[in-house]
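Engineer: Taken in sequence, the protein lines are chains G and S.
So the number in our numbering is just where the residue sits in the first sequence, counting from 1, plus 1208.
So the number in our numbering is just where the residue sits in the second sequence, counting from 1, plus 730.
Just so you know, these hints were derived from the structure itself, not from any lab.
Where hints are given, some of them may not hold.
Taking CB as the label site, the calculated pair distances span [to be verified]: (1) G:W1280 x S:R819: 45 to 55 angstroms; (2) G:P1347 x S:R873: 14 to 24 angstroms; (3) S:R819 x G:S1259: 21 to 31 angstroms; (4) S:R853 x G:P1347: 12 to 22 angstroms; (5) S:E980 x G:F1337: 22 to 32 angstroms; (6) G:L1230 x S:D795: 51 to 61 angstroms.
Where a beta carbon is used, it is the ideal one built from N, C-alpha and C, also for glycine.
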Amino acid sequence: MLNSATIVGYLPDYLAGALLTLELALVSTSIGAVLGLALALTRRSRYRVLSWPTYVYIEFFRTTPPLVQIVWLYYGLPLLFGFDLGAFGAAAVALGLNVAAFLAEIFRAGIAGVDRTQWQSARVLGLGFLDTLRFVILPQAIRNVLPPIGTTIIYLIKDTAIASAIGTPELLRVGQLVANETFRPAEALTIVAFAYFVLTYPVALGFTTIERRLSLARA
Amino acid sequence: MSESLIVVADLVKRYGSETVLDHVNLAVTSGQVMVIIGPSGSGKSTLLRCIARLEPIQRGQIIIDGLIAAIGTEEPQSAVSGPLMPSSRHDIGMVFQSYNLFPHLSVLDNITLAPRRVLGMSREEATAMAADLLKRVGLEDKRDVFPGRLSGGQQQRAAIARALAMRPRIMLFDEVTSALDPELVGEVLKTMRALAEQGMTMLVVTHEMGFARDVADDVIFMDKGSIVERSPPDQIFDRPTGPRTRTFLERLLEREGGSRRAK
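For reference, chain G alone in the conformation it holds in the complex:
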């Protein structure tokens, strides 16, 4: 039988875990968005010195498990460079570097989807490269790829659970601890699942809303 009373006592722990999950997701999304954009641009560069290292970076982070990437940063950095990010830092940076690779490919597709003539029109108007990107190309590129960006961010929020492997007390870790203490893993982890839903569903709704608004504005 479900014993809800036992679980209710742990709600503050769950709340703290959810907050940490949210922080992890925010920090790694920010790293991923900025780095991903830079990677998308260098990947498109006609200079091999820029596009080749980017290619290697993207494929490396897309094809190795995020769990291993977190472990590398958490255990590897202090060993190799005597530089300790801490559990939260290692997890946030590793997830950020990882999602950057995926976002880079999405941004690249979005930019490639903007008609070449848009660059040319901006050019004959005298707009520089950065202004053209900022005011002409990116607003259209992002619109093209809003759905995959939303999906990637939702994946990332759930992937923060991997940080539990190095002891970051985020949602899944809290669930595991509660399960161990109460011997009720099903209830303890169902609450975890529900909490992830509460965190991710608004993101899904938000992206749908933005998409609808922008397509209205364009018509």
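Following the hints, put chain S in place on chain G, whose structure we already have.
Structural biologist: This is chain S only, laid out in the frame that chain G set:
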């Protein structure tokens, strides 16, 4: 004799091994309207794109107002014999066949973006100027509309206003009426006529022979990457000197004969 605003000297443009412009020479004086005609693939559009600095050139140079705007990539360093035009210069406005307005911006923002970012105009200043331009092209009520809601002719007039907002000294028109429904061609040509009357230097690639006859100072006939003939419209239409020009014009008039477009 007045100094040329545009000088194209011995221009060679190739795409791979295909030569698109073959030693083209052209001089245009300030205030002149040049209409360029010729069969498709003759290099008309490419010539405009080279002058707009959208395409690198292989040989020769393009001089705008005494400054070297483009020089052939295969020219030796010593060929640079004058001041270079900085890449940020925007003396040349260009209007394309496919309008190319920015679809995510309103008509107003399409027009004010470059003046604000490049010329450093304030929002108020740019908006006032845009309102003025929109009146000139007959779109004063379309300020806040997005391009997707405009007809082709309206989009093209908005594109002309956008180009004029940078106060160019030269306007390039690349088959700007070719994508339009026939009944919308007139309104765009009218805008271009007005611009010509105000003394704008214009290079116009078009198949609108009525426009060429009325507005052009000179008509240039291009074929296979070369300028074959350059003459005032009366002469080129009534007494073309070259056989290729004659054949081209005969075919064109034959086709237009049945359904001649309103001027």
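Engineer: Does each hint fit the structure? Answer for all of them.
Structural biologist: Right, here's what the structure says about each hint:
no. : hint                                 : in the structure
1   : G:W1280 x S:R819: 45 to 55 angstroms : 50 angstroms, holds
2   : G:P1347 x S:R873: 14 to 24 angstroms : 20 angstroms, holds
3   : S:R819 x G:S1259: 21 to 31 angstroms : 30 angstroms, holds
4   : S:R853 x G:P1347: 12 to 22 angstroms : 18 angstroms, holds
5   : S:E980 x G:F1337: 22 to 32 angstroms : 47 angstroms, violated
6   : G:L1230 x S:D795: 51 to 61 angstroms : 59 angstroms, holds
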